[in-house]
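Participant: Residue-level listing of the chains:
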Amino acid sequence: GAVVSQHPSWVICKSGTSVKIECRSLDFQATTMFWYRQFPKQSLMLMATSNEGSKATYEQGVEKDKFLINHASLTLSTLTVTSAHPEDSSFYICSARVGRGRYEQYFGPGTRLTVT
Amino acid sequence: TQLLEQSPQFLSIQEGENLTVYCNSSSVFSSLQWYRQEPGEGPVLLVTVVTGGEVKKLKRLTFQFGDARKDSSLHITAAQPGDTGLYLCAGDISGANNLFFGTGTRLTVIP
Numbered sequence: 001g002a003v004v005s006q007h008p009s010w011v012i013c014k015s016g017t018s019v020k021i022e023c024r025s026l027d028f029q030a031t032t033m034f035w036y037r038q039f040p041k042q043s044l045m046l047m048a049t050s051n052e053g054s055k056a057t058y059e060q061g062v063e064k065d066k067f068l069i070n071h072a073s074l075t076l077s078t079l080t081v082t083s084a085h086p087e088d089s090s091f092y093i094c095s096a097r098v099g100r101g102r103y104e105q106y107f108g109p110g111t112r113l114t115v116t
Numbered sequence: 001t002q003l004l005e006q007s008p009q010f011l012s013i014q015e016g017e018n019l020t021v022y023c024n025s026s027s028v029f030s031s032l033q034w035y036r037q038e039p040g041e042g043p044v045l046l047v048t049v050v051t052g053g054e055v056k057k058l059k060r061l062t063f064q065f066g067d068a069r070k071d072s073s074l075h076i077t078a079a080q081p082g083d084t085g086l087y088l089c090a091g092d093i094s095g096a097n098n099l100f101f102g103t104g105t106r107l108t109v110i111p
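Residue numbers (my numbering), protein chains in the order written: chain U, 1 to 116; chain A, 1 to 111.
Keep in mind the hints are simulated off the structure, nothing from the lab.
Fair warning: this is a prediction, and the values are worked out from it, not measured in the lab.
Glycine residues also receive a C-beta, built at the ideal position from the N, C-alpha and C atoms.
Careful: at least some of the hints might be erroneous.
Covered, in the sense of this in silico footprint (three residues per stretch, anywhere, with C-beta under 8 angstroms from a C-beta of chain U), are these stretches of chain A [as the list claims (entries may be wrong)]:
#	region
1	15-22
2	70-84
3	87-99
Just a few of them, taken from the derived set where beta-carbon distance is under 10 angstroms, the chain U residues facing chain A [as the list claims (entries may be wrong)]:
#	residue
4	Gln38
5	Met45
6	Lys55
7	Thr57
8	Gly61
9	Glu87
10	Phe91
11	Ile93
12	Cys94
13	Tyr103
14	Gln105
15	Tyr106
The shape of chain A in the complex, shown without the other chains (with noise of 0.2 angstroms):
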């Protein structure tokens, strides 16, 4: 059983549009990350949100961090071909020495 579930696990749109991928959990967490990670490549760092409620935003895309700090939202808007790619949430748990990973979302962006 995976501690954060993403949704949806697969997306396919056009480009223009706008999505949201969520990242669900009945923990608590003290901070949260996103990440991006294209084909044949590591994740790599977009954001990290650490208080309940908390909104972040990096050009078009918009990540927010739950009230009670169990899920986080990750929303793009006019999505372009380069946003394509397998999107992660990562959780730290208070006491654990290593980040819980989500299940992923993996982004299609069609030109």
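Looking at chain U on its own, in the form it has when it is part of the complex (with noise of 0.2 angstroms):
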């Protein structure tokens, strides 16, 4: 199957800095990308769509400007969460739509960020 990594797999930051955490398609071309947030033992839920070099589509709810979305590259899309605060921490997990006929979606290792 596709390999998504991310990076960092894990974070501790401040109250009010900033994070970035990096998704990357290692061995295919990803058009668009997804972000999403888990909350313990709960499922997945879309944050925004990633489409390469176009504006992130985000799902509502999700506040434009403290999660900023680049998709700059065909395998890197970046999610930066801006003036972190403790109800910001949660486990994030990007994944990359494959191919054109069938969708599949390939699912990075996710990150866990933790705001102090």
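Make one complex out of these two single chains by using the hints.
Facilitator: Structural data, given as structure tokens:
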């Protein structure tokens, strides 16, 4: 299957600082990437859809200015959590859509963000 | 309101038992995927079903897509502790760019 990496795997930051998370497709080009947030023992919550070379599409209730998404190339998307607060602490996962026929998404290993 | 409802939400069984997880919706999907996620990791794709009524087998796991492509089931035979994890179904709706994820089923297999 297709491989998606995320960096860092975990990060601890102080309240008020910004954190950038990278998502890379290693062996394929991803025109569309997705960012999810997952709370303990819950399913995935889609935050935004990122298309290469265009602005991200955010889901209702997700603050665009707080969660900045950039998809500058076909293999890299970044999520920046700006002015992080403890309530932003969560597990963030990216995924990439493969192919234009059958729809499949491959996920990164996730990033655990803890804001102190 | 979640587009895809999974049941049961939690399941704890003994090693060797069989189990079935259900994924239901009132919407029609072009395809449906099943993922397994272990703690602290991203979901891993297990299977994609596309045709109504399709059955796919992956070792001890059997996946079925409903005839009307609105629901799916995952059956595990002789469960093992390594099957422990969060199972997620996800559907692809024609015209939508993203997958719609189910509510999840957390499975624990006790040795």
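Participant: Now look at each hint and say whether the structure bears it out.
Facilitator: To see whether the hints hold, each was checked on the structure:
no.	hint	verdict
1	15-22	violated (count 0)
2	70-84	violated (count 0)
3	87-99	holds (count 6)
4	Gln38	holds (9 angstroms)
5	Met45	holds (8 angstroms)
6	Lys55	violated (14 angstroms)
7	Thr57	holds (8 angstroms)
8	Gly61	violated (14 angstroms)
9	Glu87	violated (20 angstroms)
10	Phe91	holds (8 angstroms)
11	Ile93	holds (5 angstroms)
12	Cys94	holds (8 angstroms)
13	Tyr103	holds (4 angstroms)
14	Gln105	holds (6 angstroms)
15	Tyr106	holds (6 angstroms)
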